[in-house]
Structures are given as C-alpha cells and as structure tokens.
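Using the sequences and the hints, build the whole thing.
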Amino acid sequence: MTDPSPPLLDRRSFVLASLAAAGGVMASRLLAQSSRPGLVIRNPRPLDAETPFEALAEWQTPNELFFVRSHFGPPAVFPARWTLTVDGEVARQTVMDLAELRRLPAVTVPVTLECAGNGRGLMALPSTSGVQWQRGAVSNAVWTGTRLSNVLERAGIRPTAAHFWMEAADSGGPRVPKFLRSIPREVAMRDALLVWEMNGEPIPLLHGGPLRLLVPGWYGMASTKWLTHVHARPTESDNNFMAKGYRYGDGGPVERMAVKSLIAQPLEGARVRAGTMRVAGVAWSGGGGIRQVELSVDGGRSWRPARLTGRDEATAWRTWEADLPVSRPGRYTVRARATDRTGATQPDTAATNPGGYGNNSIHAVSFDVVA
Amino acid sequence: MSSRNAAAAAALLLALAACDRGRPSRAAEVHDAPPAAPPAALTALAGALENRTNDSLPPGPGKDLLLRTCTTCHAATLITQQRKPPAEWAKTVDKMVAWGAPLDSTERQGLIDYVAAIHSTP
Chain A
10 MTDPSPPLLD RRSFVLASLA AAGGVMASRL LAQSSRPGLV IRNPRPLDAE
60 TPFEALAEWQ TPNELFFVRS HFGPPAVFPA RWTLTVDGEV ARQTVMDLAE
110 LRRLPAVTVP VTLECAGNGR GLMALPSTSG VQWQRGAVSN AVWTGTRLSN
160 VLERAGIRPT AAHFWMEAAD SGGPRVPKFL RSIPREVAMR DALLVWEMNG
210 EPIPLLHGGP LRLLVPGWYG MASTKWLTHV HARPTESDNN FMAKGYRYGD
260 GGPVERMAVK SLIAQPLEGA RVRAGTMRVA GVAWSGGGGI RQVELSVDGG
310 RSWRPARLTG RDEATAWRTW EADLPVSRPG RYTVRARATD RTGATQPDTA
360 ATNPGGYGNN SIHAVSFDVV A
Chain B
98 MSSRNAAAAA ALLLALAACD RGRPSRAAEV HDAPPAAPPA ALTALAGALE
148 NRTNDSLPPG PGKDLLLRTC TTCHAATLIT QQRKPPAEWA KTVDKMVAWG
198 APLDSTERQG LIDYVAAIHS TP
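Sequence order for the protein chains is A and B.
So the first sequence is numbered by this note's numbering: it starts at 10 and just counts up by one.
So the second sequence is numbered by this note's numbering: it starts at 98 and just counts up by one.
The set of hints was computed from the structure by calculation and includes no laboratory data.
Bear in mind the structure is a predicted one, so any value in this text is a computation, not a measurement.
Glycine included, every Cβ here is placed at the ideal spot set by N, Cα and C.
One or more of the hints may lead you astray.
Said to hold, decoys possible - Selected chain B positions facing chain A (in silico; Cβ < 10 Å):
#1 D129
#2 P135
#3 A138
#4 L139
#5 T140
#6 G144
#7 L146
#8 P158
#9 G159
#10 L162
#11 T168
#12 A172
#13 A184
#14 Y211
Right under this line is the structure:
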C-alpha cells in the first residue's frame, strides 16, 4: 500500500499544507485534515507562530490556534514543585506554590494578547530586525487565576516598591540576558493577573504553563510566561528587554496596545457572488474597549458603521460584522477602522519606528465579486 | 528543542515521583501533570521548516559559519527573514558575540558579509 503523506508528518491528524517562500520570508502552516487551518510558523526555533486568519473571526481563540511568541525555548517544568517568590521591597518574603495560589480569590477574565511586533513585516522599514510578523500575532482567550494584588498584599509591599520585576524560568545561554520585564505599581495592583488556566485547561507549555502573568491592555511582552519571581523594586528593570528592547523611535517605552481592527472575512482574494457580502472581524485596544468600527469600500472617502457583536469586555477584543451590498461584479477593497473609548482611531498608515512596534495601520482586503 | 524539553520534563517527573513515594504531598491538590507539550505535528513542521531553511542557504564557507555559530540558539529562519545593510548586521553579530555566540574575531567579517548577501540579489 502506498502512502502519499508528506515526510515527517502524521497524516492521520495533519497534512502539510504549504511550505512557501514568499518575498524571502518563509512561512509554514499546518492544515488539519478537516481543512481547518493551523498555526502559521514564522520562526521554527524558538517557536514564533501566528494565529491563522480564519480563526480571527471567532471571539475565543482555541489554545492550539493561539499565537506563540518565544524569546527562548520553554523551560522544563514540574507543576507540583512550582513556586512563586515575592521579595525585595516587601515586609515578608513570600513563597507560594500553585496549590496555595489556587486558594486565593479566583477570577476568570477574557484577555486579548497582541505581540508588540505584530505587523512588523508589513511596515516599510529600511532595515528589519526580529520576527517578521504579518497580522496574526494576536489572539483572545479566557484565563483563570487570581489578581497579582492578592499575592502582593500578602507579602506586604512597602511604599518604596514602585516597580515589580517579573522573572521567569526560561533563559538563553549563560551570557544571554534573561527576559526580565517590569511593570509599575499601579498596573501591578490594579490590572495584573496571575493565571494558570487558559480556556478552561491548564495553560499549555508554549503559553507559559503552569503559571504566567497577564497585563491586560499591554502588548504581550509584559505578560511574562513561566513566572517564578516577582521582585519589588524602587526603580524599573534595567534589563536589556526593558532598557534597549521594546522602545519606539523617540525612546518611549512600548506598553499599551494601540487601537486596531482586522478583517477576518472575506479573506484576501476571495471570490463571492454579487448580492450582499458579509464582512466580519475583530477590534481591540489597550484603551479600555472599542467604541466603533467603520468600513469603507471607496478607498477611505466615506465610512459606514459596522455592528459590534458578542461580549463587550474592556480587556478583550470585540467582534464586529456588516453586510455590504456588492451588486456589480468586479474587484472591491474593503477597509476597517476602529476607534476606542479614549477616542483614538486607527491611522491609514502607522508611523514607523526602527523596531517595527505597534503597527496599527488600517487593514484592507480585496475580493472579487462575480455574477 | 521542545520535544527535548518535554522529554526532560517527563524524566524529571518520573524521578521526582520516585523520590516522593510513600510521602504525603500537596501535589494531589494541583494539576501535577506537566503542561501540555506542543502538538507533535507542530514540532515536526517546525523541524521541517528549519531543515528547509538550512538547505536553501547559499553555499559557501559563510554557510558553515552561520550554521555553526547562530543555530546553537535559534533557527536560521530568524536570520533569513531579516533584511539589513552590512552595518546593521555588524551590530547584530556583535550583540550575539557579546551574548556568547562562538565566533572568532577572524571570522566576524565573513559572517557579516554572508548574512548581508543573502538578500542582496533579487
């Protein structure tokens, strides 16, 4: 019996859909046998992979389709021995294991995470560094854990504790700086979460299990995976990935997510019948929620509102949809523009910066209408 | 690397389980299984992509240098997707050397020239 399956992959569960070189950027994606698309790999080791566009139409991203960003490979972990230590500017150094953390008041919160470099590969930059993300380094999951403030209060943080340095179990070589970010006290006490469940399951290894930090509203680099230590300090972290990395061109820190929307339906290049065209997608912001999403089919000269649908949560993206009349055959381009509750609106083209951060340019999708 | 880590985690789990035998543990109160490892098909696809990138690198001494120096920590795919002039690649290479990349000072310029040339032809 012949087996036509591609090498290396288990044909029973997956087939290799494409290994394409496009514009010098190699990308790979999995396609389930049911034709359900899988993650799009941008860098195989350590793994960086995007959520497929088709999954961006859903409010809740399944764990296996949630984008993956790795500075280093995941550490070996043993949850029964995992501890979180809070030290530094505290009254009592506090060490808690997962069982003790689970006895604290629990919260279940939807949180959208976006990589700060999402869209970097689409920015017109003379020099490109790092992973050349397209649009899919963003996902939304429902997380369960406890507020970081519950742990910090137990440790008795002193007034001098102005910043909290988040140390994790992953690392590079012996001379590679650890990935050690810090967040200010106000954010730590008001917003930050310690989580151990993702969409109702223990957090998978690639997503920071058994314990990670979440900083809702901030780009993903703040949400430290594999968290082991919280150091209370008078100053912010001087780590490489704070002092040098994650800075805009003017030196300002990359923190809150800029308002942004994506069109998940139709897909680029789709062919649809004349009549009414359903356009749908998601919109999010680090500014506390989405006020409106508008669509344009005339190059941005006029805009019409889309319907905001589904759950309205300050920490999660919002789904939206609209039905566009497309009576005449031909090529159409639809643009989506989101405005958040602070009044910030997406620009046609985001300002560039050397690191390629915060690309919230308006998304345009072209499709063909046939008779 | 992921599968290696998963294997290491499994070995650690077995070893620690053996140590704990007969001793009451709070582990029963928590999800004490290791977090779900990456799906095998994802790991396989990542490996295939990494091999494909390596195979597609332009031949020459620079290729051997890149594979020896850079891929200890990350796939060559991270390099081939970046486009930078030689002066920017020099900064990157020097940063990686400071972080422990095993590159001799006599090899530095050869690596910079090689990675800068990957995208220099249309």
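*Hints breached by this structure*: 8, 9, 10 and 14
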